[in-house]
Amino acid sequence: MTAAAVTSRPRALTYGNVWLSAVLLGVMALYPFVFGKSLNFGVSTLLLAGFAMSWNILGGWAGQLSLGHAALLGIGAYTVTLFAIPERAPAWLGLAGPVAPWWGALIGMALAALLALVWGRLTFGLRGSYFTLSSIAVALIIRLVVINEDFGGGAEGLFMPDLPKLFGLDLFDRHVEYGLAFTFVALTLLVTHLLRRSRLGYALQAVREDEDGARALGIDPTRMKLAAFVLSAVLTALGGSIYAIYLQAFEPHTLLELPLSVQIALMAIIGGRSSIQGPILGALLLAVFGEVFRNVFANANLLIYGVLILAVTLFAPDGLSGLFKRRGSKLGTNR
Amino acid sequence: MTAPTAHSGSAQSATPLFEAQNVSVTFGGLKAVQNISLTLRPGEILGLIGPNGAGKTTLFNALTGFVTPSSGRVLLSGRDITRLQPQARARLGMARTFQVERPFEDLSVLENVLVAAFLHHSGKKAEDKAYAVLERVGLSDRAAQPAAELNLARRRRLELAKVLALEPRVLFLDESIAGLNPPAQAEMVGLIRELADSGLGIVMVEHIMHVIMGLSNHIICMAFGELLAEGDPLTVANHPDVIRAYLGEDDD
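Chains as they are written, first to last, in the numbering used here: chain G, 1 to 335; chain A, 1 to 252.
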């Protein structure tokens, strides 16, 4: 046993179940060819899946439940749109002409990162549910600002103007939008897999399980949560800017309100917070249920959520993905 | 009470590795720890004993930064660290275990150690460091196993591996031996002895008398938050107050 270090090391470290993600991405890539008529459903489901994945970096990995992610999504959506309409944007920005949406998206991501830093700094020092409460409040404040400031377009919202082509592709083509949403989900999956084997990822898992134990090992819980929040915020804002292009017109009450925040959180929780691909599963489930029952219950989506939450907490406390206890697909290797 | 006896006359003048000066901890009106002072040099093992409720764990928490002392000072190599957070202390070379061992159960054995190894290393080097530490405590064959599946003896060794991956200069061990069967105890004693011989300063709380008496260079006995007796193991073991404190505890 003296040469144990030389003999093959067991596969103790893993990026998680990469194959499952590859299969999921494969299915997503094939979808437009099979269901070419239902691209809208595809795009919105992919975007929701991406939002749930982004949310889970903070909610699942860092264990900080945010009910304010709609604000981050909104920052992405409003930034990309306002920068494309110079006459709408606040004068102090001094825009000479429209800014291309990809630059607008990057600016939105930077703003979201900044907001997450300040917001997290103020609230992560406290334990318990303070962060969740603060997230509702911050989202509410941002919504009020957007509604009351001229640039937000008031309650009518904003319309996306004509956009420049991206590599010769029309951004308003549903197929192109599907591609953007697909790229968004793929990016969130990639980030999560890399996180699974990174210093930050391990630190976050340690903090989530035992904050004092993590501190004893030199980990600063607040800094780790901040890093997770910034990562989550940046990805959410990116998705938000794609969402704005897809919607073409949006109002504060669809984009910035609590129900959207709740929906994002629920998709991840129902799908399984401790799993890498769980949030995608949750998004798909809620999207399908939403489609199926739209005609039956009209606007009774909340009823469906209620039933789903009850069912999941009673029968699958680890989320749906917890029902398939496959090693490696979970954040941790076991439990 | 006299100043701590000099273990080697020459080292007395040098700055101690770790030092506590008149540390007190008060919770509301309760004085959990009163005026405890101690000094630790490299390679030295300091044993902390006392009946249940004597304030050992509170003192431990005060020395490691999990509780802020209401008065007194804590020094590491002469630097005042009294108000430093545990995570900052880890970076300066202090490490501790917990009385109830707490592996990160969702992670594998290797990953548990890796969390700590990342303090000073990154990437492949951290992984190598984690493996090396697992070898040292005899857990390398369990690297891929989920930490939740380990038995008590192995959990204790995992705890030790985690703190060793921090490459500490001062180690605080909170009951690493109690509860183990005799062979496992002997292994752990051997490991601790080795660590001290390699130059670490160790402060340990332990209930098993013959173990702590055998390992320690210096013993501090507490009762009701106060210092009862201190000195070399033999002196403390025969101290009438110490005997009374322990026998008095047997009433129930």
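Take the hints with a grain of salt, since some may be wrong.
[Unchecked claim] According to the in silico footprint, chain G covers these stretches of chain A (three or more CB under 8 Å from chain G):
#, stretch
1, 19-26
2, 200-213
[Said to hold, decoys possible] Label pairs and their calculated CB-CB ranges:
#, chain 1, residue 1, chain 2, residue 2, range
3, G, Leu187, A, Leu152, 40 to 46 Å
4, G, Leu310, A, Arg193, 33 to 39 Å
5, G, Asp318, A, Gly138, 32 to 38 Å
6, G, Gly36, A, Leu152, 55 to 61 Å
7, G, Leu122, A, Ser198, 33 to 39 Å
Simulated from the structure, these hints should not be mistaken for lab results. A virtual CB, placed ideally from N, CA and C, is assigned to each residue, including glycine.
These are the hints, each one checked on the structure:
1. 19-26: violated (count 0)
2. 200-213: Violated - the stretch 200-213 of chain A has 0 residues with a Cβ nearer than 8 Å to chain G, which falls short of three.
3. Leu187/G / Leu152/A: 40 to 46 Å: holds (44 Å)
4. Leu310/G / Arg193/A: 33 to 39 Å: This hint is violated: roughly 57 Å between Cβ atoms.
5. Asp318/G / Gly138/A: 32 to 38 Å: holds (33 Å)
6. Gly36/G / Leu152/A: 55 to 61 Å: This hint holds: roughly 60 Å between Cβ atoms.
7. Leu122/G / Ser198/A: 33 to 39 Å: For Ser198/A against Leu122/G, whose Cβ atoms are near 44 Å apart, the range 33 to 39 Å is violated.
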